[in-house]
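S.K.: The task is simple: from the sequences and hints, build the whole structure.
No gaps in the numbering here: position 140 of the sequence shown is 140 in the working numbering, and each next residue is one more.
Rather than coming from a laboratory, the hints here were simulated on the basis of the structure. Hints may contain errors.
What the hints assert, rightly or not - With beta-carbon atoms standing in for the labels, derived distance ranges:
(1) S74 - R5: 25 to 31 Å
(2) R57 - E77: 27 to 33 Å
(3) E51 - D98: 31 to 37 Å
For every residue, glycine included, the Cβ atom is placed at its ideal position computed from N, Cα and C.
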Amino acid sequence: MNKVRLEIIGLSYSESSTGAYVLVLGDKNSQRRLPIVIGNAEAQAIAVGIERQPNSRPLTHDLLLKFANTFHVSILEVVINRFRDGVFYAMLVCQQGDDIVMVDARPSDAIALAVRIGCEIYAYETVMDEAGIIMDDMEDEETASDAETYINKVEGQPDLDLLTVGELEDLLQEAIDNEDYQKAALIRDEINGRK
1 MNKVRLEIIG
11 LSYSESSTGA
21 YVLVLGDKNS
31 QRRLPIVIGN
41 AEAQAIAVGI
51 ERQPNSRPLT
61 HDLLLKFANT
71 FHVSILEVVI
81 NRFRDGVFYA
91 MLVCQQGDDI
101 VMVDARPSDA
111 IALAVRIGCE
121 IYAYETVMDE
131 AGIIMDDMED
141 EETASDAETY
151 INKVEGQPDL
161 DLLTVGELED
171 LLQEAIDNED
181 YQKAALIRDE
191 INGRK
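M.R.: In structure tokens:
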């Protein structure tokens, strides 16, 4: 099957699903996007992996990698291989010696591992055809503001740059009350950028 190479475009709190986040993956060679709804713990695991935050004790994904390294198992790549009834499925392509083994995983867990080791993330073309969407209006997809704009379109949230400072301050307080500090930081940056 043909695979599409993906990158993480954004990660944001989902306003429509309580306690959920939207992970947006993008095709590196086109404007196709793959939005995946994930849980709070999984979003935190991915964010910690991206930011390479040190922890006093290993988190679950760090422990799994330590375990794999101890037993000489390498994770070569992550592949999102199915989309069925609104649910994404993934696999880890692993190598131990000369053996290549496929291990089933949730996409969020697989991606949390991928960001820690720097392996590639792929989706089968069939998954992109079924669940992917095309974004025409993104010019510089590397910026956080573009990722936030995309997530806003996915979730039906207002674009931050269209809100007044008063509306932003209300939204900031709501994000803090909900302990959504990632969203609060984005709103704070928008407010500070206007001063």
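S.K.: Output the indices of the hints that this structure fails to meet, ascending.
M.R.: 1
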